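Trainee: Here is how the chains run, residue by residue.
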Amino acid sequence: MRFLNCAAAVLAVCGMALSPLASSAHAEEAAKNIKVGFIYVSPVGDEGWSWTHDQGRKMMEEMPGVETTMMESVPEGPDAERAIKNMCSKGYNVIVATSFGYMDAMAKMAKRNPKVTFLHCSGYKHSENMTCYFGRMYQARYLTGMVAGAMTKKNEIGYVASFPIPEVVRGINAFTLGVRAVNPDAKVRVVWTRTWYSPDDEKKAAEGLLDVGVDAIAQHQDSAGPQTAAEARGAYSVGYNTDMSAAAPKAHLVAAVWDWNKFYKKFIDEYRAGTWKNGNYWYGIKDGIVDISAYGAMVPEDVRAKVDAVKADIISGKYQVFTGPVKDQEGKVRVAEGQVAPDDMLLSMDWFVEGVIGTTK
Amino acid sequence: MTWDIFVALLAATVLAGTPLLYATMGELITERSGVLNLGVEGMMIMGAFFAFIVQFKTGNPWLATLAAGLGAACIGLLHGVVCLVFQGNQTVSGLALTIFGVGLSDYLGAPFIGEKTVGFQPFDIPLLSDIPVLGEVLFQHDPLVYLSYLLPWAVMWFFRRTSLGLALCASGESPDAVQAAGLDPVKMRWLGIFAGAFFVGVGGAYLSLCATHMWTQNLTAGKGWIAVALVIFAFWRPRRAMFGAYLFGGIMAFQLRLQALGTTIPSSLMMMLPYALTILALLFSSARGKGRSAPAALGDNIAPGA
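Chain order of the listed sequences is W and D.
Residue numbering for the first sequence follows the working numbering, starting at 1 and increasing by one per position.
Residue numbering for the second sequence follows the working numbering, starting at 1001 and increasing by one per position.
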């Protein structure tokens, strides 16, 4: 043993002089220390969007040889660029930014720092060293819509929505298709708040919907404001991002949730192994990135069974959300019978399906 | 629109108008003493933060409300130091106060984002809450809403019926006259800044203790600025300020319900309504007539030793 140790030491000393050996040792060292910097648009403590990503960061911290840091509440624009530049200069070799508005700053910095890997969530730009990734949240939305559609008694469900952009419109449409798959008479009323995180405004929007006569509230926002409004009025609620049942224990039917840990673990494993390929990834329920939470106690067994069956079909590929016929609000057929809406259509969706009351403007 | 929806809209109007009412009344007191304080947004969010933190640590919402008022008043006193002691520019100092307050509340509040508190809970006032319509609209809310009903009348009484109130208003109209009467207009302005900031802070407390029961960034979301515009809209009169606060609250509540009812008007236009109204109000108020003008010495510093 001692001989072997000595030999190793000698080899190591020799290795310093021999450049190929030295560089491979260096590469090994670098691979051991993956330094990942996260940039969030909102505070982490909100149990919303940024929180779901920060769970992934915390999981990375537990992995051997991974170091992380994060900056929260970084405004989109020049500030983001500065934050990314700062992380690059501190030797972070992976930059993760999780808001659409960071896209151009990420693309610019990716060009300037070819050795750094850039992961950008919810955009569409990608390159040699930049990946764009997102989840097919609409699949989970469809399932939560089925639950709400089965539970509503007034056949009217409210949806508190943030901004009329394709991501949100797609979610509302998938939710409504789910609602009407089990309850063809039901309608979904939409109110836009034009906020991503404003507990007061979002709660008030839900109260407006409840005043008008809905008995269940779904949402596409990061605050639990709409959930608390539903709880206070004795209505049902469908959460988003995280379970959110803590905010509305009696109202919570189910929630459409993100689980980014699976993506971040896969990334670190492949990055370490050197097999990671930058590109454009849109993960679904099958990959475990999106899912639905546990059901509320009031959701009966037969509803759960029905929803679980569709979830299994989505995972196996037997069923796809947005399978035709899909009609818009005017009754025009947008997806023909037997066809499935292509990703292009989903990514640029600016029309509501039949059964939605509201406007995409 | 059915009757039930209409009544619910009126109740929502009162709730949306309450923080505006406190903040507007606060700024109105300050401006009547002759000091323009554009730091309402900053003082309001600091009030919301002080209220949250005291509620969080002690569990007493009344103590929290008091802390919000006094805390915001202390922040407001910075404005007094700049404008009353060092004769600084009131507009610049007020803007700085807003930036300072928003930044400080972000910094101090960062560890508490998303934390929930109990705060005030609604309680029905016996008998009054049973009155049809009126009961539901006015008397099924939380204590800070009930107190806000009294505020405009109290302020009006203070302005008109107390010597202190008359001296405060006179300091905003003609500080020289106050001086000639043997009173100190600078002291009156200190009072105006302190009392005004106190109520602005209580408006902030309403947001964290009653409206959301939690702490987060940007809880005021521009309400402080609407209050500044509302003071002009109200021609510096307390009862008109109450009307203005409810008008604005009502428009915010109305546009949400109009959307829920399925209007085809784009949401971006609906969101613009309160701000479009602000501009209209400012346009109308610039055509001033009798009893509509700003306090004559508003924004003018009092030269030392004058």
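Among the hints, a few may not be true.
[What the hints assert, rightly or not] With a straight-line cut-off of 30 angstroms between C-alpha atoms, the simulated DSSO-like cross-links for lysine-lysine are:
| no. | chain 1 | residue 1 | chain 2 | residue 2 |
| --- | --- | --- | --- | --- |
| 1 | W | LYS250 | D | LYS1187 |
| 2 | D | LYS1057 | W | LYS58 |
| 3 | D | LYS1057 | W | LYS250 |
[Said to hold, decoys possible] Pair by pair, the computed Cβ-Cβ distance ranges are:
| no. | chain 1 | residue 1 | chain 2 | residue 2 | range |
| --- | --- | --- | --- | --- | --- |
| 4 | W | MET298 | D | GLY1299 | 57 to 63 angstroms |
| 5 | D | TYR1149 | W | GLY213 | 54 to 60 angstroms |
| 6 | D | ASP1124 | W | PRO166 | 41 to 47 angstroms |
| 7 | W | GLU67 | D | LEU1280 | 53 to 59 angstroms |
| 8 | D | PRO1111 | W | LYS318 | 53 to 59 angstroms |
| 9 | D | PHE1086 | W | LYS85 | 38 to 44 angstroms |
| 10 | W | LYS318 | D | TRP1003 | 48 to 54 angstroms |
| 11 | D | LEU1147 | W | GLY324 | 27 to 33 angstroms |
| 12 | W | LYS90 | D | PHE1284 | 52 to 58 angstroms |
| 13 | D | LEU1164 | W | GLY213 | 50 to 56 angstroms |
| 14 | D | LEU1283 | W | GLU67 | 34 to 40 angstroms |
| 15 | D | LEU1283 | W | ARG233 | 50 to 56 angstroms |
| 16 | D | ILE1005 | W | SER348 | 32 to 38 angstroms |
| 17 | D | PHE1123 | W | VAL340 | 37 to 43 angstroms |
[To be verified] Here are a few chain D residues that sit away from chain W, every Cβ distance over 12 angstroms (derived from the structure):
| no. | residue |
| --- | --- |
| 18 | PHE1006 |
| 19 | ALA1012 |
| 20 | LEU1078 |
| 21 | ALA1177 |
| 22 | THR1278 |
For the record, the hints were derived by calculation from the structure and aren't laboratory data.
The model shown is predicted, which means the values in this text are computed figures rather than measured ones.
Even glycine gets a Cβ: it sits at the ideal position worked out from N, Cα and C.
Trainee: Are the hints correct? Go through all of them and say.
Mentor: Do the hints match the structure? See the list:
Proposed proximity of LYS250/W and LYS1187/D is contradicted: the alpha carbons are some 54 angstroms apart, above 30 angstroms. Among the hinted pairs, LYS1057/D with LYS58/W is consistent with the structure: their alpha-carbon atoms are about 29 angstroms apart, no more than 30 angstroms. Proximity of LYS1057/D to LYS250/W is assessed by CA-CA distance (about 27 angstroms); at most 30 angstroms being required, the pair is judged to hold. For MET298/W paired with GLY1299/D, a C-beta distance near 59 angstroms keeps the hint of 57 to 63 angstroms intact.
Our hint of 54 to 60 angstroms for TYR1149/D and GLY213/W is violated, since their Cβ atoms are close to 29 angstroms apart. Against the hinted window of 41 to 47 angstroms, the Cβ-Cβ separation of ASP1124/D and PRO166/W comes to about 45 angstroms, which satisfies the hint. Range check, GLU67/W to LEU1280/D: about 56 angstroms between beta-carbon atoms, so the 53 to 59 angstroms window is met. Checking the proposed 53 to 59 angstroms range against PRO1111/D and LYS318/W shows it is violated: the Cβ atoms sit about 48 angstroms from each other.
Distance hint for PHE1086/D and LYS85/W: a CB-CB separation of about 39 angstroms, consistent with the stated range 38 to 44 angstroms. For LYS318/W and TRP1003/D, the Cβ-Cβ distance of about 49 angstroms falls inside the hinted range of 48 to 54 angstroms, so the restraint holds. Taking 27 to 33 angstroms as the suggested C-beta distance range, the pair LEU1147/D and GLY324/W does not conform, at roughly 58 angstroms. For LYS90/W paired with PHE1284/D, a C-beta distance near 55 angstroms keeps the hint of 52 to 58 angstroms intact.
Separated by about 51 angstroms at the C-beta atoms, LEU1164/D and GLY213/W satisfy the suggested range of 50 to 56 angstroms. Against the hinted window of 34 to 40 angstroms, the Cβ-Cβ separation of LEU1283/D and GLU67/W comes to about 58 angstroms, which falls outside the hint. Between LEU1283/D and ARG233/W, the C-beta spacing of about 39 angstroms breaks the proposed range 50 to 56 angstroms. For the pair ILE1005/D and SER348/W, the supplied restraint of 32 to 38 angstroms holds, since their beta-carbon distance comes to about 35 angstroms.
Between PHE1123/D and VAL340/W, the C-beta spacing of about 54 angstroms breaks the proposed range 37 to 43 angstroms. The beta carbon of PHE1006/D is not kept farther than 12 angstroms from every beta carbon of chain W, the shortest such distance being approximately 9 angstroms. With a least CB separation of 6 angstroms from chain W, ALA1012/D falls inside the 12 angstroms interface cut-off, contrary to its annotation. For LEU1078/D, the requirement that its beta carbon stay farther than 12 angstroms from each beta carbon of chain W is met, with the minimum near 25 angstroms.
Listed as outside the interface, ALA1177/D is consistent with that label: its C-beta sits roughly 44 angstroms from the nearest C-beta of chain W, beyond the 12 angstroms cut-off. Separation of THR1278/D from chain W is adequate, the least Cβ-Cβ distance of about 17 angstroms exceeding the 12 angstroms criterion.
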